[in-house]
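Chemist: Here are the chains, one letter per residue:
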Amino acid sequence: GAVVSQHPSRVICKSGTSVKIECRSLDFQATTMFWYRQFPKKSLMLMATSNEGSKATYEQGVEKDKFLINHASLTLSTLTVTSAHPEDSSFYICSAKSSREGYEQFFGPGTRLTVL
Amino acid sequence: AQTVTQSQPEMSVQEAETVTLSCTYDTSESDYYLFWYKQPPSRQMILVIRQEAYKQQNATENRFSVNFQKAAKSFSLKISDSQLGDAAMYFCAYTTGTASKLTFGTGTRLQVTL
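As they're listed, the protein sequences go chains A and B.
Be aware that the first sequence starts at 1, since it is given in this note's numbering, and climbs by one per residue.
Be aware that the second sequence starts at 1001, since it is given in this note's numbering, and climbs by one per residue.
Worth flagging that the hints you see were computed from the coordinates, not collected in a lab.
Here the structure is a predicted model, which means the values were calculated and not measured.
Be a bit skeptical, because a hint or two may be false.
[Unchecked claim] If you only want the chain A side, here are some residues facing chain B, beta carbon under 7 Å, derived:
1. Ser43
2. Leu46
3. Thr49
4. Tyr103
5. Phe107
6. Pro109
7. Gly110
Glycine included, every Cβ here is placed at the ideal spot set by N, Cα and C.
Put together the whole structure using the sequences plus the hints.
Modeler: Structural data, given as structure tokens:
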């Protein structure tokens, strides 16, 4: 149990285009999902926390208009990188908290975004 | 603000030997949870072990155990009988409870040699 999927696993796009990444909890309901960004050989940096049916809470320094997060259902959250630029190239990871288990987060396999 | 510190960027251990990874944290909370995550080359985050702060007994999961020193705010991970598959980045992490985010340390890269 407690499986989280991400789609796509890899994406390459041209500068100026928008890219949407999906995060799904496959066998549990997730009231809260988190989006992280990870640079090579670095730790995970929390970008935002999203709760089902409400606006996401962004960490300081993260542009909410650039990284649009939608958590429309208890099993799906999406991250849209708008007008992507090469500096947005990174590894993006989502995690989800079960509505039943209080504190553990379950991680997706990540999405590698490359902006040309 | 809560912080998590991993002072060892890299560690190396021989196969079948034991290695300890260090982690310290800073918090003013009394109720919190600590984790060790493993990130292999696939980059999938895998939970290795967790510890509830209110529990005095150190958590153990097969070859993995922790030394939780609450007063010293220390949470080290011991890997016994190291295997080649243990080679990965290890992250120490902290959260305060049901609705809070995880705070990660900077990670320790573990190499396992023959």
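Chemist: Hint by hint, say whether it matches the structure.
Modeler: Verification of the supplied hints:
{"no.": "1", "hint": "Ser43", "verdict": "holds (5 Å)"}
{"no.": "2", "hint": "Leu46", "verdict": "holds (5 Å)"}
{"no.": "3", "hint": "Thr49", "verdict": "holds (6 Å)"}
{"no.": "4", "hint": "Tyr103", "verdict": "holds (5 Å)"}
{"no.": "5", "hint": "Phe107", "verdict": "holds (4 Å)"}
{"no.": "6", "hint": "Pro109", "verdict": "holds (5 Å)"}
{"no.": "7", "hint": "Gly110", "verdict": "holds (5 Å)"}
This entry satisfies every hint, going by the numbered hints stated previously.
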